[in-house]
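Participant: Listed here are the chains, written in short residue letters.
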Amino acid sequence: MPAAVVHVSGLTKRYGKTTAVSEVELEVLDGEIFGLIGPNGAGKTTTMECIEGLRVPDAGRVSVLGLDPVRDVTAVQRRIGIQLQEAQLQKRIKVREALALWSSVYGTRDDGTRLLEQLGLAGKADAWFMTLSGGQKQRLFIALALIHDPELVFLDELTTGLDPQARRAIWDLVRGIRDRGKTVLLTTHLMEEAERLCDRVAIIDHGRIVDIDSPLGLVRRHCPERTLMIETADTNAVDALARVAGVETVTREGANVVVRARSVDVMTGVIQCLADQRIAVTDFRTFVPNLEDVFLKLTGHSVRQ
Amino acid sequence: MSVINPRGLLALTWLEIKIFVREPLGVFGSVFVPVFMFVIISRTFGSSLTRNPAGDRGLVGADLVVFGALLLAISAVLSLVTIIAIYRESGILKRLRATPLRPLTILSAHVLVKVLFTVTTLVISLSLGRRYFAADIPIPWVPFTIATIISMLSILSLGFVLASVAPTARFAQPIGTIILYPMIGISGLFVPLAKMPAPLQFIAHLTPASYGVSLMRGAWRGDAWLSHTGDLLGLAIFAAIFTALSVRWFRWE
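Protein sequences appear in the order of chains Y and Z. For the first sequence, the numbering used here assigns the number 1 to the initial residue and increments by one for each residue that follows. For the second sequence, the numbering used here assigns the number 1001 to the initial residue and increments by one for each residue that follows.
In short, the hints are calculated from the structure, not lab data. A few of these clues could be false.
To be verified - Straight-line distance between alpha carbons at most 30 Å, and here's what the computed BS3-like set of lysine-lysine pairs gives:
1) Y:Lys137 - Z:Lys1195
2) Y:Lys91 - Y:Lys137
3) Y:Lys124 - Z:Lys1094
4) Y:Lys17 - Z:Lys1195
5) Z:Lys1195 - Y:Lys91
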């Protein structure tokens, strides 16, 4: 198992009387994309900013690359790259100037030309920040987070407000960061994003971690049930399928027979039954629960609220 | 690791200068307009300028120059208060802070930009206005510029307190205007401090502007710095108190 690059235990942060984050425990492993997922206001950003050293926790321990992000803030800042939620730059700063400032601050020689090309911003190098589109601004912030080749990259809600096409392009970029051996810690309230991008996710709700695992692992653990929609005209299908071991309910809904089962193990039995009984099938669909369903099940409310 | 990152300070200061120059009214409002006003006023009153403001000649004496410098300093402070409030509100401060640039470096860059523009404006104003001054007036360039910068820095520390407590950028400018400009009225420029009613005198002594005016007058007159130890001390105490308060109250987001 890879070593943990971020280690958080008992992290608690209060704003006045509200507790934003309570007793958070998590580890981010070297080389993975780790996602903090939950609705807006769940405590994702607060947790992340405590790890980045931008906020001082009220209780708990945080270690980043073996350092204390509050005490060793400068050392930590040099080795991590940060993209903040809803950040802005000076209206009239040029893209090229922002990169030059960042590289001088971090003491790197990279002027960011290659990054701009990779991010499709080469043509915008002399544009003022205020003239960039939402997607271009996000890509610039990703470039700024990567300019000093950090070991660990923080991305906070990086595709919020982007159209689906821009979103997909950014997902590819993030996978590219991991493929170059970096570790990524991101937050998102988009379950699809978490499912497609993250190796492991922590579900966070009302400031507490509800569960941590790979998206698939979470679905298997919390939503093992499967629904099969079998399109068939065979009138014996309902009775035959009801006898398959593990099947919960079988109902006919129009042209379809709907089979509900408690676990994935039922699949083989159903296929076997269809073959044995020579049931003519014109369509066969399985509905697999996703992170959205896991979230609903674990928290009792939708992530969208 | 030192608190100020020299490379970052230089890079950020240069960048902020360029950005300020790109603002539609930036240089026009902060350099051109004040220079123009100073030249017009010098043309009208410059001939009655003397080196000795101690008389009862009111504003139209050496105080014309002191008044101009104080106005420059205060509008620079006001502009900085507004910039800081805008930068905070739009998340620029937070983004800059999430780098090895430490807070002190970020704010120092802004102070440096303002000092540079103020000195530039002051020097251009005096260079263009002096031809209307009475012929026997030598201009104490270095001491007067230094006195202006010292006064400005002390007032600036109050500006940082205002920037810390202003809830939004929309409030920053009016709050700054209401607090900063009236200081000029009781700074001793229009009515000598000694002739003010006692309560007003007391309040005047609680503002950095009164010490700043005394220091700048002295510098213009060619006084020795040592004879203005009280003014320097007053300005230093204000700077210390207000800086401590803004360190406590300053918000980055």
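Participant: Does lysine 1195 of chain Z pair with lysine 91 of chain Y here, judged by a C-alpha cut-off of 30 Å?
Facilitator: Distance ~49 Å between lysine 1195 of chain Z and lysine 91 of chain Y Cα, so the pair is violated.
Participant: Within a Cα-Cα threshold of 30 Å, do lysine 124 of chain Y and lysine 1094 of chain Z meet the stated pairing?
Facilitator: 24 Å, holds
Participant: Is lysine 137 of chain Y close enough to lysine 1195 of chain Z, meaning Cα to Cα at most 30 Å?
Facilitator: Since the Cα atoms of lysine 137 of chain Y and lysine 1195 of chain Z sit roughly 59 Å apart, the hinted pair is violated (cutoff 30 Å).
Participant: Verify the proposed pairing of lysine 17 of chain Y with lysine 1195 of chain Z, using a straight-line Cα cut of 30 Å.
Facilitator: The hint is violated at about 52 Å.
Participant: Hinted pair, alpha-carbon criterion (30 Å max): lysine 91 of chain Y, lysine 137 of chain Y. Please report holds or violated.
Facilitator: 11 Å, holds
Of the numbered hints listed earlier, those contradicted by the structure are 1, 4 and 5.
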